[in-house]
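Enquirer: Using the sequences and the hints, build the whole thing.
Residues per chain, in single letters:
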Amino acid sequence: MAEVRVERLVKAYGAARALDEVTLDFPDGGFFGLLGPSGSGKTTLLRAIAGFVLPDTGRVFIGGEPVENVPVEHREIGMVFQNYALFPNMTVEENVAFGLHVRKTGAAETAKRVKEALDLVQLGHLAARKTHQLSGGQRQRVAMARAIVTRPRVLLLDEPLSALDKALRVDMQIELKRIQREVGITTIFVTHDQEEALTLSDRIGILKDGKLVRHGPPREVYDDPRNPFTAQFLGDANLIEGKPEPEGLRLSDGTLLPGLKGPTIAVRPESLKLDTTEPAAPFRLRARLQQRIFGGAMGTCIIDWQGRPLKAVGRDADFRGLPDAGDVWLSWPRESTIEFAAKA
Amino acid sequence: MSNRFLAHLGRAYLGLILFFLYAPILVMAAMSLNASEFYQLPFKFSGEWYDRLWNNREILAAAGRSIWIAVVVTVLATTLGTAASIALYRHDFPGKRILQALLFPPIAIPWLITGTAMLIFFFGIGIGRGTPAVIIGHVALALPYVIVVVSARLASFDRVLEEAARSLGASAWQVTRAVTVPWILPGIIAGGLFAFAVSFDQFVVSYFLSEPGDTTLPVLIYTSIRKGFTPEINAISTIIIAVSMGLMLLAARFTKFGGDR
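Protein sequences, first through last, are from chains A and B. Take -17 as the starting number for the first sequence in this note's numbering and just add one per residue. Take 33 as the starting number for the second sequence in this note's numbering and just add one per residue.
Quick caveat, the hints were computed from the structure, so don't treat them as lab data.
Pairwise CB distance ranges, derived in the manner of DEER restraints:
#1 190/B x 150/A: 20 to 30 Å
#2 128/B x 290/A: 50 to 60 Å
#3 48/A x 157/B: 47 to 57 Å
Pulled a few chain A residues facing chain B out of the computed Cβ check, cut under 8 Å:
#4 32
#5 34
#6 54
#7 55
#8 59
#9 61
#10 63
#11 65
#12 67
#13 71
#14 80
#15 81
#16 84
#17 85
#18 128
#19 132
Ideal Cβ positions, reconstructed from N, Cα and C, are used throughout, including at glycine.
Expert: Set out below in structure tokens:
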């Protein structure tokens, strides 16, 4: 087990920078989620830590030691690949034992550790199966067991759940978290699924165009995204732009939002309240309700404000008494306003 | 014309092809079991020619030499060809495409010319004629076949498996041995069978490169025919055909040319 640190990592493919000066600490024993749209560099970062990608400049440390010049096979990592990459010519047991065999671990020790690892992922009864006889979820578990049986210093997961269907994915998230807690291993995982990142991680990092745009504990990043990209990427956000004036933010329809700096603010869909009569709240807008979508427990309202689509989410009861379409008042509490630090 | 008529025509055409391919072979096999030395009918069964063959030291020696040369060629060509295929699969280097393209034209060059060229070349560099020259020549002829078959199998290999093995601590050699080779094994076996067949059936190049009195079976058969045709030749030819066709059927099974079953 070890902490991981990357320092000013740069990796360019031609003119495109897959990693652009990324500096980040991954705490010992933590579960760190790397999040970003495709092409953001999150997979490149993971592969640079694994050693499959050699950075142009910058440093990678595992447990305080620099590893830029250490080949993959000597980095003492465990990795789970997107499609699991189980060896098709081997049984479940042989797959899990592979890392111990190449280390010349004794037969008794190997058998004991393989059994422990398979028990941990609750697959002890399938040890003799060939991998093509397994379901997606079972393959995922074998891949986990194989990656942790060598007691690596860090566990790297590349979109580990993306090949599973939705219901199984939720089960496996809980399972993954349990396994990680039991083993206590520093884990770094890549995902494009923000919900997955929020559920699993105790810290997240958000990448965009090879740059790290925000990182921290999930709640902190969600509540204070610090930039419009993070606000919209993590969760949903209605961006509202205006002109900063001494007494507040002046919007294009003339509304003044007192005390806000701007020029851009964001409001989460769950913070927006809809009324047919003018509310007392200081932050309110006149807008047009276009559509109400019934979604079971939660409903969504699509609103048009000055030609821009906004979204409000709430329990169906919150929207009772609203027309199906028509003019409404939007309001939100001051503390729910997301403000962004001025661009440096 | 109705579809049914076309289907019949197609079947007849296929029958004709198979007839011209296999009829001569079947006639030869039948004549090797016919008592008459002069191909006279009616057919009268006799194992005499096989008995005579079994006692013909010259033919047996040539057959033995052909087999051991083919085995050596198979081992060399399969090892070198597999290594080359894996290298071509894993690495990108300048001129790789040209190199790959250059592997195939020798297959199309008439063997007569290849044989002449090799003879001149081997004399030029001091190897001369003899068994080493035959082996080197056969390996050169067999290599492209091995590379084609093994590369075809590698095309379906998932490179992530090699990354997975490395992440688990396996060295390059361990990755190759435990993960890559098991996957391409059917291709390696098929390539080896091709290499064996290319060497064992090879006439022209062997004829140019072997020394008189120390030849392979096909060369001996050719020289024997020039002296006079005997049903012994039918017998040994029938055996060669059976072995060669058996190897090709095995190779087809491993490469699944006939499509997946």
